[in-house]
Amino acid sequence: MGIGFYLQQPFAQHALLAAALVAVAGGLIGPFVVTRGMAFAVHGTAELAFTGAAAGLLVAGNPVAGALVGSLVVAALIAVLGARQRERDSAIGAILAFGMGIGILLLGYYHGFATAATNILFGNIFGVSGSQLVVLVVIGAIVVVVMAVWYRPLLFASVDPEVAEARGVPVRALGLLFLLVLALTVTGAAQVVGTLLVLSLAITPAAAAQRLSANPVRVAVLSVVFAVVAADGGLLASFEAANVKASVFITSISFALYLIARVVGPVVRETHHHDGDRGRRRGTRRAVGTGMGGGHRAPVSAPPVPPGSPTTAEEPEW
Amino acid sequence: MSTTGRGATVQLRGATLRFGHHTVWEGLDLDIGPGECLAILGPNGAGKTTLLKVLLGILPLSAGSVRIDGRPPRRGSPVVGYVPQQHAFDRDLPVRGRDLVQFGVDGHRLGLPVTRGRRVDAAIAAVGASSYANAPVGLLSGGEQQRLRIAQALVGEPRLLLCDEPLLSLDPSSQHEVVGVIDAYRRDHGATVVFVTHEINPVVGVVDRVLYVASGRWAAGRTEEVMNSATLSALYGAHIDVVTVHDRIVVVGGEEAGAGVHHLDHAAGGQPHDHHHHRPGEDLSATGRPNTGTRETGVYGESSSGSDPVDRGAC
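Going down the list, the sequences are from chains V and A. With the first letter of the first sequence counted as 1, position 55 gets the number 55 in the numbering used here; the numbers rise by one all the way through. Counting the second sequence from 1 gives a position; the numbering used here is that position plus 318.
Hints listed in this document are in silico derivations from the structure and should not be mistaken for laboratory results. Check the hints yourself; a few may be wrong.
[Unchecked claim] Taking beta-carbon pairs under 7 Å as the criterion, some of the chain V residues facing chain A (in silico): (1) D89; (2) V149; (3) A166; (4) P170.
Ideal placement from N, C-alpha and C gives every residue a C-beta, glycine not left out.
Chain V on its own, in the form it takes in the complex:
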C-alpha cells in the first residue's frame, strides 16, 4: 500500500487538505512570530492546547474542541498577564507550567485509549474525525482571511510599533488579534504535528524564509510554501513508511529546509546590501543584487541619485 493507494482514499485526501490549510496558516503567521519575538508564546499556547485537548477528551471526547477553547483562553491570559513585552515570557512560563500540571491531572482521570494522549502530543491527523477535519479547514480559512486583510498594518506594528501608533495603527488591538489568530493556528497545527512540534510549522518555515529574502511579500510566500511542503510532504512520506509517524517526516523536512536556507541565505539575502563602508557611500547607483536566484526583475526603480554625491546629501533635491 503505497502513496498511489492512499491518494485514492477520501480520508487521506481530507488529511492532505487539512494539513495544507494548517500549513498555510502557520506559514502566514510565522514571519510575525519571528519578528515579534513570540516563539515562546507559540510554544506556550501549543503546550496548553494539550491541556485543553485533555479536558475536551475527558468531558466531551473531543480533543480538537478542547484544544481550541483552551488555546483561546491561553491567548487571552497571555494578553492580560503579558501585556508588556518584558514580562511576557515570564508570564507565559508561569501560565505554561501551571497549565501543564492541570493537563497531567486531567489525563490521569482519562481511561480511554492511551494513544489519544500521544496523538495530542505528537500529532495524528488520521485520527481526527471528519467533522473535526471540517473544523480544521474553517480555522485555516479564518486565519488566511484575517492575515490577508490585516497583513500590512500588522507588519507595520511589528516592525516599528512607535511610529505605527503615531500613524494611527491600532497597535494594541492588532496585538490581541494576532494572539487569537496564533491560538487558532496552533490548535490546528497541533492536530497535524502534535502540540510538542507545532513550532515546525509556525516558526521553522518563516525562519528559513527570512534567511532568503527581506521582501515581506516574498518572505510570506516562501514561508507558506515551505510549511505546505513540509506538512503534505511529511504526510505523503508517512504513506510509504507506515510505521513512522507523519510528524517525524514533517519536522525533518521543515528542519532540512531551514538548514538549506541558513547555508544559502548569506549569499542570496545579503547581496541586497551595498558593499563598501557603511557610513559614507558613493553617490553612484549600484546594481543591486536581488535574492532568490536573481531571475526576477530587479525592483531598482529609484531615480538616479543626483550627481556630485557626497554633497548631495546636504543639498538634496525635492
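Here the structure of chain V is known, so what remains is to put chain A in place on it, guided by the hints.
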C-alpha cells in the same frame, strides 16, 4: 482665543502635563510658525519626548490646549510626519528600506504590503538612500536606517515634522547629512520642523528657536537668548555655565555633563521625594522675575528686545 496664534502650525496655550503628582512641565505657551525650525532641549526626563507625544496626539494634556493647524492633534494625521528615536532594527527583519518608507504611505491601511509608487522612490532619492533601498533594513548602518526613517516621515509631505533625537548614536558626518536632509525639506516645502535633542551643536545652524525644558520649567527664544548661563541657571535653579568653544556651545553642569544631569535635577527640585510638593517656579522667582509665562516670542526674529528677552515659563 488669542490672535497671536493665528496661522501657527503648532499652538500651545497653558499646556501642562502631569503624571500623578509629578508635574512634567506646565503653563507652556508657544507658537511655532510655518517654516520654523525649533529645537527642544533639556536633560533626560524633562519631558521632551512627552511633548512630542502630545503633538502626535498620543498623550492628552493635563491642562491647557494644543492645536496643530488650528485643530487638536490626532494620531495618524497626514499633516504630521514623525521620525522616532534611533534604535537599530534586527538583522533578520523581513523588511527592506523601501518597505519601511512605504509604511509612510499606506502602512496604516488594510491589505498586503505591496510596494509600488513614484512617491516612495522620490522620497528615497531625496534622502540619498537609493543605493541601499532594497537592502534588508537590519543590515544597514544607523545613519542609513535614520535616512530611511526620515524618508518614511517625509513621503506623505507633512507640514509639520517631529523628530525625536534623530541624531542619536550617529557619527558627526552622518549627523551633518541627516540635518541637511531635514533642513532641505523644510526650506523646499515651507514645513515646520521640531527637533527633540539633547545636543544642540549639530542643529545650531538650522534652528530658529530653542525651547529648553528642565525641572518643570521652560524657556523659549533664539539660541543665544536661551543658551546662556543666566537663563539655564534660572531654569535649573543651580549655577550653570554656558561657554562657547570653537563655535560649539558647551553647557557645564547641564545635560551635556552626562551624570551631572541627575545631580542637577535634584539640586533644582529639592529632594527627589518631595519633588511633587515643589512648585516649579519657586526657584525661578528667586531671580526676581515675575512668572508670567505668557509672553510669546512668535516666529523667528520677532522676539522683543531688552536685557532678557526670553520667555520664562512656569506657574
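With a cut-off of 7 Å, does the beta carbon of A166(V) approach a beta carbon of chain A closely enough for the hint to hold?
Holds: closest Cβ of chain A sits about 5 Å from A166(V), inside 7 Å.
Is the interface hint satisfied for V149(V)? The criterion is a beta-carbon contact with chain A at less than 7 Å.
holds, 5 Å
Let me know if the C-beta of P170(V) comes in closer than 7 Å to any C-beta of chain A, holds or violated.
violated, 9 Å
D89(V) as chain A interface residue, shortest Cβ-Cβ below 7 Å:
violated, 17 Å
Comparing the model with each numbered hint stated earlier shows that hints 1 and 4 do not hold.
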